[in-house]
Amino acid sequence: MPVTFFTEEHELLRKAVRRFAQEELAPHAEEWEAQGDFPNWVFTRAGELGLLGLTYPAQYGGQDADYFATIVFGEEIGRCASGGIAMALAVQTDMATAPVNKFGTDEQKRRYLAPSISGDKIACLGISEPNAGSDVMNIETTATWNGDGWVVNGRKIFITNGYRAHYMVLVAKTKRDGQVTGHSLFIVDTDTPGFVRTRKLDKVGMRTSDTAEIAFEDMHIPPDALLGQEGEGFKHIMWELQGERLIGAIAAASGAERMLEGAIAYAKERQAFGRPIGKFQALRHKLADMATKVTAVKELIYYTAHRWNSGEYVVREISMAKLLSGKIAFEVADGCLQVFGGFGYSMEAPIQRGWRDTRLNRIGGGTDEVMREVIGKLEGL
Amino acid sequence: MHLTNPPYEVAFPDNFEPAETPYELFTEEHHSLRKMVKVFVEKELAPHAIQWEGQEDFPRETFRRLGELGLNGMKFPEAYGGTGPDYVAEAVVIEELTGIGSGGVAADLGAHRDLACLYVHNFGNDEQRKKWLKPGISGQLLGALAVTEPGAGSDVAGIETRAVPDGGDYILNGSKVFITNGSWCDFVVVAAKTSSEEGHGGISLIVVEKGTVGFEQRRMRMLGWRTSHTGELSFQDCRVPKANRLGEEEGRGFYQIMQNFQWERLSMALAQVAGAARIYEMARKYALERKAFGREIGHFQVWRHRFADMASEIEMARALTYHALRMFVHGIPCIAEVSMAKDLSADIAFKVADECVQVHGGYGYMMEFPAQRAWRDTRLGPIGGGTSEIMKEIIGKSLGL
Numbered sequence: 014m015p016v017t018f019f020t021e022e023h024e025l026l027r028k029a030v031r032r033f034a035q036e037e038l039a040p041h042a043e044e045w046e047a048q049g050d051f052p053n054w055v056f057t058r059a060g061e062l063g064l065l066g067l068t069y070p071a072q073y074g075g076q077d078a079d080y081f082a083t084i085v086f087g088e089e090i091g092r093c094a095s096g097g098i099a100m101a102l103a104v105q106t107d108m109a110t111a112p113v114n115k116f117g118t119d120e121q122k123r124r125y126l127a128p129s130i131s132g133d134k135i136a137c138l139g140i141s142e143p144n145a146g147s148d149v150m151n152i153e154t155t156a157t158w159n160g161d162g163w164v165v166n167g168r169k170i171f172i173t174n175g176y177r178a179h180y181m182v183l184v185a186k187t188k189r190d191g192q193v194t195g196h197s198l199f200i201v202d203t204d205t206p207g208f209v210r211t212r213k214l215d216k217v218g219m220r221t222s223d224t225a226e227i228a229f230e231d232m233h234i235p236p237d238a239l240l241g242q243e244g245e246g247f248k249h250i251m252w253e254l255q256g257e258r259l260i261g262a263i264a265a266a267s268g269a270e271r272m273l274e275g276a277i278a279y280a281k282e283r284q285a286f287g288r289p290i291g292k293f294q295a296l297r298h299k300l301a302d303m304a305t306k307v308t309a310v311k312e313l314i315y316y317t318a319h320r321w322n323s324g325e326y327v328v329r330e331i332s333m334a335k336l337l338s339g340k341i342a343f344e345v346a347d348g349c350l351q352v353f354g355g356f357g358y359s360m361e362a363p364i365q366r367g368w369r370d371t372r373l374n375r376i377g378g379g380t381d382e383v384m385r386e387v388i389g390k391l392e393g394l
Numbered sequence: 015m016h017l018t019n020p021p022y023e024v025a026f027p028d029n030f031e032p033a034e035t036p037y038e039l040f041t042e043e044h045h046s047l048r049k050m051v052k053v054f055v056e057k058e059l060a061p062h063a064i065q066w067e068g069q070e071d072f073p074r075e076t077f078r079r080l081g082e083l084g085l086n087g088m089k090f091p092e093a094y095g096g097t098g099p100d101y102v103a104e105a106v107v108i109e110e111l112t113g114i115g116s117g118g119v120a121a122d123l124g125a126h127r128d129l130a131c132l133y134v135h136n137f138g139n140d141e142q143r144k145k146w147l148k149p150g151i152s153g154q155l156l157g158a159l160a161v162t163e164p165g166a167g168s169d170v171a172g173i174e175t176r177a178v179p180d181g182g183d184y185i186l187n188g189s190k191v192f193i194t195n196g197s198w199c200d201f202v203v204v205a206a207k208t209s210s211e212e213g214h215g216g217i218s219l220i221v222v223e224k225g226t227v228g229f230e231q232r233r234m235r236m237l238g239w240r241t242s243h244t245g246e247l248s249f250q251d252c253r254v255p256k257a258n259r260l261g262e263e264e265g266r267g268f269y270q271i272m273q274n275f276q277w278e279r280l281s282m283a284l285a286q287v288a289g290a291a292r293i294y295e296m297a298r299k300y301a302l303e304r305k306a307f308g309r310e311i312g313h314f315q316v317w318r319h320r321f322a323d324m325a326s327e328i329e330m331a332r333a334l335t336y337h338a339l340r341m342f343v344h345g346i347p348c349i350a351e352v353s354m355a356k357d358l359s360a361d362i363a364f365k366v367a368d369e370c371v372q373v374h375g376g377y378g379y380m381m382e383f384p385a386q387r388a389w390r391d392t393r394l395g396p397i398g399g400g401t402s403e404i405m406k407e408i409i410g411k412s413l414g415l
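Protein sequence lines correspond, in order, to chains A and B.
If you read the first sequence in the numbering used here, its first letter stands for residue 14, the second for the next number, and so on.
If you read the second sequence in the numbering used here, its first letter stands for residue 15, the second for the next number, and so on.
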């Protein structure tokens with residue numbers, strides 16, 4: 014069907030992800046949100062269901078599927094009703110493991126990628142630092158060559174899965190003989206001496222996800238911890254960010270769509286002044302506007318994903334999809350909260366969580382402002 | 015999110031076969047067509063835009079020139095001189111004609127192809143098609159569509175023009191406003207009440223030819239689209255043969271109009287997205303030339319970010335519009351998607367035009383610069399072809415509200 018990218022196989026996958034999210038995860042959402050945590054079996058169960066390696070090679074346990082399988086996963090997993098879980102899984106499937114699959118050696122893939130696909134090893138990604146978030150070029154963590162390995166010193170912050178992770182893919186500035194050789198990626202086991210989890214961060218939303226601040230104190234790692242080419246880490250991480258932004262865009266847009274569906278259903282039921290509030294024209298037009306924007310941004314994402322899936326390095330379109338989906342999702346979350354009135358403001362209603370969780374989309378994976386810089390520069394400005 | 019699109023009320027014309035278009039809408043042939051139209055527009059039309067705007071006029075000959083190049087016939091069968099049906103090719107023509115830089119010229123050319131000729135083709139019989147469509151495609155005859163009236167615009171069911179049967183004729187009385195090509199068309203497809211039935215039932219489409227006794231055409235002046243021959247029509251005891259009615263049955267007009275709205279609105283969305291991209295480019299070019307405080311103003315961060323927003327929104331509107339176009343050529347009911355595309359692209363085009371005026375500063379406010387024209391011309395988007403408010407009503411309905 015040329016008007017959609019989704020084949021019958023994709024639809025089967027959609028059903029499976031939906032069932033997992035709605036039946037196995039959503040019933041725990043309230044409890045996990047209150048705890049600010051969720052159990053690791055979520056990873057192993059997702060692994061069992063084959064959901065953690067959709068686009069990865071079969072030889073490491075993946076499904077060898079196309080990018081639209083990732084889209085299906087991104088669209089459906091959010092039905093677990095807890096943004097933090099969806100994000101934790103996306104970090105596992107499309108952020109931290111992506112560079113391992115793309116740049117790793119066979120040995121690295123067997124040690125890290127395969128157990129990540131099965132859900133036995135949890136991954137995290139170390140980019141942001143207290144003094145450098147979007148500005149990756151100016152990170153301060155260093156990895157210094159000491160003759161038989163690397164000694165890492167520095168700090169990372171806002172690390173999703175940082176507490177539960179078995180390994181981290183981290184970016185550091187490499188140094189040899191006092192000279193900086195550029196940025197490089199490393200895979201580090203989190204039980205390496207010198208890998209210190211300094212604190213767990215408390216957040217406005219995405220509360221089930223664990224977010225860590227990490228310190229590296231003279232952490233010694235072997236030569237084969239290097240991922241990809243020495244000095245090419247900046248490029249590698251810029252590549253990783255494209256996939257991260259695209260899955261982020263999908264999560265944001267599909268989250269907005271679900272919130273909107275909920276608000277529309279409520280507007281049909283809730284009565285005021287003798288009729289369902291959705292029959293009031295002002296509200297109907299507001300909902301129509303939101304539906305238009307959600308439909309539009311989804312089409313932008315599909316178009317972008319189609320090109321990404323064909324192997325095009327579509328930084329401009331990915332940045333646009335990320336920027337607009339974040340903006341629209343938060344606008345929709347706020348508009349939907351309004352539809353729910355007083356109930357929307359109550360902590361018992363799920364919409365407030367959507368509202369809090371969605372706010373992150375305009376910050377994480379590169380802020381709105383950074384997206385505009387990227388797009389503006391590609392436009393020659 | 016489920017959008018409920020009602021099925022088409024009127025059967026598609028006999029030559030419309032749902033196409034199996036891949037996601038990439040445009041084939042090699044379409045790319046060649048695009049190049050051809052682009053060269054034509056750049057060489058023969060765009061250079062005159064400023065002069066035509068000043069005169070608030072452009073030559074009728076332009077329709078014939080389009081006919082010679084085959085550009086009026088993309089949607090129509092060979093039997094009447096067309097090369098279609100290929101709605102994707104029509105989309106290419108629509109997008110490229112925005113390069114004229116004069117909304118009014120593109121509007122007149124479009125109202126002829128995408129309204130008047132399309133109605134005659136979709137609802138007319140062979141004889142009617144030979145009489146108006148064939149010379150319409152060649153550009154010999156110029157057509158218009160007249161639905162809107164002083165007392166009924168978006169509310170089509172509320173029109174008051176009457177066509178009272180009288181033997182083999184109808185006697186028409188009433189008036190129409192805001193009719194693109196109205197003041198200089200050779201034939202006009204008129205929506206009129208052929209029975210006293212209230213609401214949707216009593217409307218029929220009847221072709222009235224220039225020179226018919228009692229039919230008068232007057233031009234209206236507009237905020238934008240100044241080259242367009244938009245007019246007011248009046249019918250006073252105007253006798254028209256019943257053979258001029260489009261459609262075998264009387265009283266199908268409302269549904270015919272509703273069906274053709276889909277293409278009209280889609281064509282507007284296509285033009286608005288392509289137009290927005292051109293206006294954006296005009297603004298971007300200026301921002302990279304104009305210096306202030308020692309550098310190009312486009313390199314100030316605020317402008318860079320505003321351009322990033324505009325570029326993103328244009329890309330999003332295009333993705334939505336192409337989605338609707340894909341559904342349309344597949345024969346899938348798409349009223350909601352088309353309405354969304356029309357509404358969103360109209361807003362974005364006007365916003366981009368407003369930013370274009372802003373980036374030009376004082377020059378943007380001057381009549382000798384094209385920025386103001388883009389701004390005035392794009393203001394029509396949220397009004398014409400069904401207002402934005404009507405689009406939102408349709409979308410709301412598709413959401414079950």
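Think of the hints as simulated: they come from the structure by calculation, not from any bench.
A couple of the hints might just be wrong.
To be verified - Taking lysine-lysine and the DSS-like style, the derived pairs with C-alpha atoms no more than 25 Å apart in a straight line are:
1. Lys281/A x Lys292/A
2. Lys52/B x Lys299/B
3. Lys292/A x Lys411/B
4. Lys299/A x Lys365/B
5. Lys299/B x Lys365/B
6. Lys390/A x Lys145/B
7. Lys365/B x Lys305/B
8. Lys49/B x Lys144/B
9. Lys390/A x Lys299/B
10. Lys281/A x Lys148/B
11. Lys411/B x Lys299/A
12. Lys340/A x Lys390/A
13. Lys216/A x Lys299/A
14. Lys305/B x Lys144/B
15. Lys281/A x Lys299/A
16. Lys390/A x Lys49/B
17. Lys305/B x Lys148/B
18. Lys340/A x Lys365/B
19. Lys256/B x Lys145/B
20. Lys224/B x Lys145/B
21. Lys122/A x Lys134/A
22. Lys144/B x Lys224/B
Do the hints match the structure? See the list:
Using a Cα cut-off of 25 Å, the hinted pair Lys281/A and Lys292/A holds, with the two alpha carbons roughly 8 Å apart. For a cut-off of 25 Å, the pair hint linking Lys52/B to Lys299/B stands: about 19 Å separates their Cα positions. Taken as a hint, the Lys292/A and Lys411/B pair is honoured in the structure, with Cα atoms around 10 Å apart against an allowance of 25 Å. Distance check on the hinted pair: Lys299/A and Lys365/B sit about 19 Å apart at the alpha-carbon level, within 25 Å; holds.
Between the alpha carbons of Lys299/B and Lys365/B the distance comes to roughly 17 Å, so the proposed pair stays at or under 25 Å and holds. The straight-line distance between the Cα atoms of Lys390/A and Lys145/B is roughly 55 Å, outside the 25 Å bound, and the hint therefore fails. A C-alpha spacing of about 23 Å is found between Lys365/B and Lys305/B, which places the hinted pair at or below 25 Å, so the restraint holds. Restraint check: the Cα-Cα separation between Lys49/B and Lys144/B comes to about 31 Å, which exceeds 25 Å; the hinted pair is violated.
Taken as a hint, the Lys390/A and Lys299/B pair is honoured in the structure, with Cα atoms around 14 Å apart against an allowance of 25 Å. Only pairs whose Cα atoms come within 25 Å are accepted, and Lys281/A paired with Lys148/B is rejected, the gap being roughly 50 Å. At roughly 13 Å between alpha-carbon atoms, Lys411/B and Lys299/A fall within 25 Å of each other, so this suggested pair holds. With a C-alpha separation of about 20 Å, the suggested pair Lys340/A and Lys390/A falls inside the 25 Å cut-off, and the hint holds.
Note on Lys216/A and Lys299/A: the hinted pairing is violated, with a Cα-Cα distance of about 30 Å set against a maximum of 25 Å. Only pairs whose Cα atoms come within 25 Å are accepted, and Lys305/B paired with Lys144/B is rejected, the gap being roughly 58 Å. Restraint check for Lys281/A and Lys299/A: the C-alpha separation of about 14 Å stays at or below 25 Å, so the hint holds. A hinted pair counts as satisfied when its Cα atoms are at most 25 Å apart, and Lys390/A with Lys49/B does not qualify at roughly 28 Å.
In summary, the hint linking Lys305/B to Lys148/B is not supported, as the alpha carbons are separated by about 53 Å, beyond the 25 Å threshold. For the proposed pair Lys340/A and Lys365/B, the alpha carbon gap of about 17 Å is at most 25 Å, so the pair holds. For the proposed pair Lys256/B and Lys145/B, the alpha carbon gap of about 15 Å is at most 25 Å, so the pair holds. A distance of roughly 14 Å separates the Cα atoms of Lys224/B and Lys145/B; the hinted pair therefore holds under the 25 Å criterion.
Between Lys122/A and Lys134/A the alpha-carbon distance is near 12 Å, which keeps this suggested pair within the 25 Å criterion. Using a Cα cut-off of 25 Å, the hinted pair Lys144/B and Lys224/B holds, with the two alpha carbons roughly 17 Å apart.
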